[in-house]
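Fit chain B to the given chain A structure using the hints.
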Amino acid sequence: AQKITQTQPGMFVQEKEAVTLDCTYDTSDPSYGLFWYKQPSSGEMIFLIYQGSYDQQNATEGRYSLNFQKARKSANLVISASQLGDSAMYFCAMRDVRGTALIFGKGTTLSVSS
Amino acid sequence: DTGVSQNPRHKITKRGQNVTFRCDPISEHNRLYWYRQTLGQGPEFLTYFQNEAQLEKSRLLSDRFSAERPKGSFSTLEIQRTEQGDSAMYLCASSLIPSHSYEQYFGPGTRLTVT
Chain A
1 AQKITQTQPG MFVQEKEAVT LDCTYDTSDP SYGLFWYKQP SSGEMIFLIY
51 QGSYDQQNAT EGRYSLNFQK ARKSANLVIS ASQLGDSAMY FCAMRDVRGT
101 ALIFGKGTTL SVSS
Chain B
1 DTGVSQNPRH KITKRGQNVT FRCDPISEHN RLYWYRQTLG QGPEFLTYFQ
51 NEAQLEKSRL LSDRFSAERP KGSFSTLEIQ RTEQGDSAMY LCASSLIPSH
101 SYEQYFGPGT RLTVT
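Keeping their order, the protein sequence lines are chains A and B. Residues 1 to 114 in the numbering used here are what the first sequence spells out, letter by letter. Residues 1 to 115 in the numbering used here are what the second sequence spells out, letter by letter.
Bound conformation, chain A alone (with noise of 0.2 Å):
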């Protein structure tokens, strides 16, 4: 079964510093897209990054960057020069594979400090 684990409940970081986030997946499925989201303490999730299974270099948006290891199974978020709007929740997610619902994992607070 398809799987999403983050598995740091909380993160802390100072300003301008750079944070990785972690996510490992499962999937038996060679075809595989993996999505970063945000939720901030208003609840509206919002859409960070993507990576495809099949995509040859690693995605980047901005200051997010996404570190995937395809052998790890692992597709970390990297937020480079974080800011204090980044304080957040971070969910790491997996389309399905009838390309349909996403399987979120249970998130990573992130906390920026001044």
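It is worth saying that the hints were derived from the structure and are not from the lab. Check the hints yourself; a few may be wrong.
Stated by the list, open to error - A few chain A residues facing chain B, derived, Cβ under 10 Å:
1) A1
2) I4
3) Y25
4) Y37
5) S42
6) E44
7) M45
8) I46
9) C92
10) A93
11) D96
12) G99
13) A101
14) F104
15) G105
What the hints assert, rightly or not - Pairs of lysine-lysine residues, derived as BS3-like cross-links and limited to a Cα-Cα distance of at most 27 Å, are as follows:
16) A/K16 / A/K106
17) B/K11 / A/K3
18) A/K106 / B/K57
19) A/K3 / A/K70
20) B/K57 / B/K71
21) A/K70 / A/K106
22) A/K3 / A/K106
23) A/K73 / A/K106
24) B/K71 / A/K106
Ideal placement from N, C-alpha and C gives every residue a C-beta, glycine not left out.
Just chain B, lined up with the frame of chain A:
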């Protein structure tokens, strides 16, 4: 493009009452999804529509839950005879298929509290 909207944002109801939530997706999106999120957990898939057809329902969607998307635009999620265990955030998302990543765009959610 105003994004995905959901109404109401908060709903408090007494056990046994019926509630209905509405979701308006991004206008050109053909897929609409419903998820439920309980405290400390990631969202869990409930059901999805492609245009007006409901193509999949999770086993989490008991007989007391029904969802519709009558004209392929907005969707409603109704819960009949609410139970305290239904207390959760109900999230709606939409996507455009086909696309490169099939990313789903989420609304702000409806937080349901059953007393």
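Hint numbers the structure violates, sorted upward?
Violated: hints 1, 3, 17 and 24.
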